[in-house]
Amino acid sequence: DAGVIQSPRHEVTEMGQEVTLRCKPISGHNSLFWYRQTMMRGLELLIYFNNNVPIDDSGMPEDRFSAKMPNASFSTLKIQPSEPRDSAVYFCASTPQGGNWNTEAFFGQGTRLTVV
Amino acid sequence: KQEVTQIPAALSVPEGENLVLNCSFTDSAIYNLQWFRQDPGKGLTSLLLIQSSQREQTSGRLNASLDKSSGRSTLYIAASQPGDSATYLCAVWGGTASKLTFGTGTRLQVTL
Numbered sequence: 001d002a003g004v005i006q007s008p009r010h011e012v013t014e015m016g017q018e019v020t021l022r023c024k025p026i027s028g029h030n031s032l033f034w035y036r037q038t039m040m041r042g043l044e045l046l047i048y049f050n051n052n053v054p055i056d057d058s059g060m061p062e063d064r065f066s067a068k069m070p071n072a073s074f075s076t077l078k079i080q081p082s083e084p085r086d087s088a089v090y091f092c093a094s095t096p097q098g099g100n101w102n103t104e105a106f107f108g109q110g111t112r113l114t115v116v
Numbered sequence: 117k118q119e120v121t122q123i124p125a126a127l128s129v130p131e132g133e134n135l136v137l138n139c140s141f142t143d144s145a146i147y148n149l150q151w152f153r154q155d156p157g158k159g160l161t162s163l164l165l166i167q168s169s170q171r172e173q174t175s176g177r178l179n180a181s182l183d184k185s186s187g188r189s190t191l192y193i194a195a196s197q198p199g200d201s202a203t204y205l206c207a208v209w210g211g212t213a214s215k216l217t218f219g220t221g222t223r224l225q226v227t228l
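Sequence lines, in order, name chains A and B.
Under the working numbering, the first sequence has 45 at position 45, and the numbering climbs by one with no breaks.
So the working numbering is basically just the index in the second sequence, starting at one, shifted up by 116.
What the hints contain is simulated information worked out from the structure, not anything from laboratory work.
A quick note: this is a predicted structure, and the numbers were derived from the prediction, not measured.
Ideal placement from N, C-alpha and C gives every residue a C-beta, glycine not left out.
Fair warning: there could be bad hints in the mix.
[What the hints assert, rightly or not] Derived DEER-like restraints, expressed as beta-carbon distance ranges:
#1 B:S186 / A:E44: 24 to 30 Å
#2 A:D63 / B:L228: 25 to 31 Å
#3 B:P156 / A:V12: 36 to 42 Å
#4 B:V136 / A:E83: 36 to 42 Å
#5 B:G176 / A:R9: 26 to 32 Å
#6 A:N71 / B:P124: 33 to 39 Å
[To be verified] In silico lysine-lysine, DSBU-like type, Cα no more than 35 Å apart, as pairs:
#7 A:K68 / B:K117
#8 B:K158 / B:K184
#9 B:K158 / A:K68
Taking the hints into account, I'd like the entire structure generated from these sequences.
Shown next as structure tokens:
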């Protein structure tokens, strides 16, 4: 398996533009997570899905952020409109057997977002 | 709210030394604890997973222990090598919220 695949790897956009980050979890994994990493705050959970259903979105910073998981093999994180403070590395992770937490989480390589 | 702390924040050791990284968490009602490695500009690589019922796990030169009741875990690296230089993160599943909560990491540099 190729692991968790994220695209794009790097994104530079102007303030006010819409940004869409994409994630393909490992085949067969039931749970998918979106994290944001910054120097100041470290790794923060934004939202996670179990069987394509959003379970906890309490980490989504504000209404400008939205996430979808239309099927088991694809998820998007959208920021509209983007702001410079959204600049960070966004990671997607997946785990097998959602609801059974005695499993490893596997992370993608991340998307480095820069909003200028 | 689960809080995870890692000490030290940074560590520099000469090659060949054995070293210990520390992780503590405030809510002991966890399902498991996972140690990750992150190289600069890269993603997270899982090193070890310790389930809540286990005391330790070993993989090669790495040994991780878990004392759930005291809210602590350690990652022991034997005979360190320059290739071990990276940031090491611990993360716990569970507590009052069923999610993976990360510590702030320990940045390790192993010098020649």
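Checked hints:
| no. | hint | in the structure |
| --- | --- | --- |
| 1 | B:S186 / A:E44: 24 to 30 Å | holds (26 Å) |
| 2 | A:D63 / B:L228: 25 to 31 Å | violated (51 Å) |
| 3 | B:P156 / A:V12: 36 to 42 Å | violated (19 Å) |
| 4 | B:V136 / A:E83: 36 to 42 Å | holds (41 Å) |
| 5 | B:G176 / A:R9: 26 to 32 Å | holds (29 Å) |
| 6 | A:N71 / B:P124: 33 to 39 Å | violated (44 Å) |
| 7 | A:K68 / B:K117 | holds (26 Å) |
| 8 | B:K158 / B:K184 | holds (30 Å) |
| 9 | B:K158 / A:K68 | holds (25 Å) |
The structure does not agree with the numbered hints 2, 3, 6 stated previously, though it agrees with the rest.
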